[in-house]
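Please build the complex by placing chain W on the supplied structure of chain L, with the hints as guidance.
There are 2 protein chains.
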Amino acid sequence: MAVCIGSPYTLGQSQAHLSSGRLGERITWTQADPLKFLESQPESAKYDVAVLAHCIWYFSSPELIIATLRLLSTRVHRICIAEWSLSSSAFNASTHVLAVLTQAALECRRPGVQSNVRTVVSPTSIKAMAAKVGLVVQREYFITPGEGVLDGRWEVMAVMDREFSDRINELVEDGGEKSVVLAMKDAVEASLKQVGGLTEVRSMDVWCAVLTLPKEAFPVLIPND
Amino acid sequence: MAVCIGSPYTLGQSQAHLSSGRLGERITWTQADPLKFLESQPESAKYDVAVLAHCIWYFSSPELIIATLRLLSTRVHRICIAEWSLSSSAFNASTHVLAVLTQAALECRRPGVQSNVRTVVSPTSIKAMAAKVGLVVQREYFITPGEGVLDGRWEVMAVMDREFSDRINELVEDGGEKSVVLAMKDAVEASLKQVGGLTEVRSMDVWCAVLTLPKEAFPVLIPND
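Protein sequence lines, in the order shown, are assigned to chains L and W. Here the first sequence stands for residues 1 to 225, where the numbers follow the working numbering. Here the second sequence stands for residues 1 to 225, where the numbers follow the working numbering.
Since the hints were derived computationally from the structure, they do not count as laboratory data. Among these hints, one or two may not hold up.
[As the list claims (entries may be wrong)] Estimated spans, in silico, between C-beta atoms of each pair:
1. Ile-143(L) x Ala-82(W): 38 to 44 angstroms
2. Thr-74(L) x Ala-82(W): 19 to 25 angstroms
3. Ala-16(W) x Arg-162(L): 36 to 42 angstroms
4. Glu-147(W) x Ile-143(L): 30 to 36 angstroms
5. Asn-169(L) x Arg-75(W): 28 to 34 angstroms
6. Gly-146(W) x Glu-163(L): 39 to 45 angstroms
7. Leu-64(W) x Lys-193(L): 26 to 32 angstroms
8. Asn-169(L) x Gly-146(W): 35 to 41 angstroms
9. Thr-144(L) x Trp-29(W): 48 to 54 angstroms
10. Thr-144(L) x Lys-46(W): 54 to 60 angstroms
11. Leu-35(L) x Leu-71(W): 54 to 60 angstroms
12. Arg-162(L) x Arg-162(W): 37 to 43 angstroms
13. Gly-146(W) x Val-137(L): 37 to 43 angstroms
14. Glu-163(L) x Leu-18(W): 35 to 41 angstroms
Where a beta carbon is used, it is the ideal one built from N, C-alpha and C, also for glycine.
Next up, chain L with everything else stripped away, as it sits in the complex (with noise of 0.2 angstroms):
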């Protein structure tokens, strides 16, 4: 069973609102992992652009992230990245901030993990990522969610979550990284406390970058941030 959440909109809303669109007869979905799907493509088909728009947390780890980078810039003229950036401008979305380095700090220790937080990676680290594979990074900018993302309160749910304890108690043997680990948890409570509860929970701001070999270093047409 697979339980589909998202707000404002959920991705399957989103999906069938572009394809009632006039292109809509002109886009295929296709609900693949990356890298295999790129892999079995033929090396001569070429794309216009890669978007990939809050994924990069589920990858399973930081080297799946750069050799899907280094493909991907083999195969499109444009990467363009919209990601969680580990950045509030705003006191109550430093509640989701703390929230997912925490949900990170636990579950960096599960192989196989199924949780939205597998690899926590910042706007730093995936820009380094990138220069690993020659991608340059031809603009960047943040963006304040709106309220009605509501990311940053079911982060901060996950993490109060009664099964999130047990887990910590479950997959943390050494005493010194469980006081971690707990001291982490406690910290995303006080602040919920201190920013007034769930309902006032904000979503942290969104890093957007447009990735390009050098080569493909052209003028890139975004608004202005």
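Chain W only, in chain L's frame:
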């Protein structure tokens, strides 16, 4: 060589101030490991109050904190604790919270560590440890430190130091775990930018508590919060 820093006063300045006061003749300063000191005293030696002032994070393990609380509970009538709360009531103190959690996430992998954050524990966690040895919380409250308390800045500086990044690469072998500590460090850097730089960083709130064994549950006279 020992470098003694502190703001607005160093430990040495505070001790000199107390010793020169009207109670000075009744004060003896002893610099010793708390557990070893207590063990060196006869069991009949009792004390009115033990004050643990911002020292718990220097303990080398959660087990040592519990052992110290256990022995203290048999020798003193009242244990007073002041410790960083991992909670900030202002946006520009959340950088301090992130910085100490980041240090803790790295330092828990270093046996014999000499940093300021050796065993990070929240008020919730300290209360759980106290309960394990039968201690009861008589009273607890939070204090927001004045601007002259610079610990927030110092801990952020420690994370931003080049040496800190070198130690991440040296100490954390697993790629996933390294990714988490690097992300935390980058989150500190992003928070530092958001609050407007180092001079704007404030120190997180301090948690104060009075603990006794149940038989000592007499009214405690401390200022109202």
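Hints, verified against the model:
Distance hint check: the CB atoms of Ile-143(L) and Ala-82(W) are about 41 angstroms apart, consistent with the given range 38 to 44 angstroms. Under the hint 19 to 25 angstroms, the C-beta atoms of Thr-74(L) and Ala-82(W), about 58 angstroms apart, miss the expected range. A C-beta distance of roughly 50 angstroms is found between Ala-16(W) and Arg-162(L), which places it outside the suggested range of 36 to 42 angstroms. At roughly 33 angstroms, the beta carbons of Glu-147(W) and Ile-143(L) sit within the given window of 30 to 36 angstroms.
Remark: the range hint 28 to 34 angstroms for Asn-169(L) to Arg-75(W) is upheld by a beta-carbon distance near 32 angstroms. Distance hint check for Gly-146(W) and Glu-163(L): the Cβ-Cβ separation is about 40 angstroms, which falls inside the suggested range of 39 to 45 angstroms. For the hinted restraint 26 to 32 angstroms between Leu-64(W) and Lys-193(L), the CB-CB distance of approximately 29 angstroms keeps it satisfied. Remark: the range hint 35 to 41 angstroms for Asn-169(L) to Gly-146(W) is upheld by a beta-carbon distance near 38 angstroms.
Between Thr-144(L) and Trp-29(W), the C-beta spacing of about 52 angstroms keeps the proposed range 48 to 54 angstroms intact. With their beta carbons about 58 angstroms apart, Thr-144(L) and Lys-46(W) fall inside the hinted range of 54 to 60 angstroms. One distance hint, 54 to 60 angstroms for the beta-carbon pair Leu-35(L) and Leu-71(W), holds here, with the actual separation near 57 angstroms. For the hinted restraint 37 to 43 angstroms between Arg-162(L) and Arg-162(W), the CB-CB distance of approximately 41 angstroms keeps it satisfied.
At roughly 42 angstroms, the beta carbons of Gly-146(W) and Val-137(L) sit within the given window of 37 to 43 angstroms. Between Glu-163(L) and Leu-18(W) the Cβ separation comes to about 49 angstroms, which falls outside the hinted range of 35 to 41 angstroms.
Taken one by one, the earlier hints fail for this structure at numbers 2, 3, 14, listed in ascending order.
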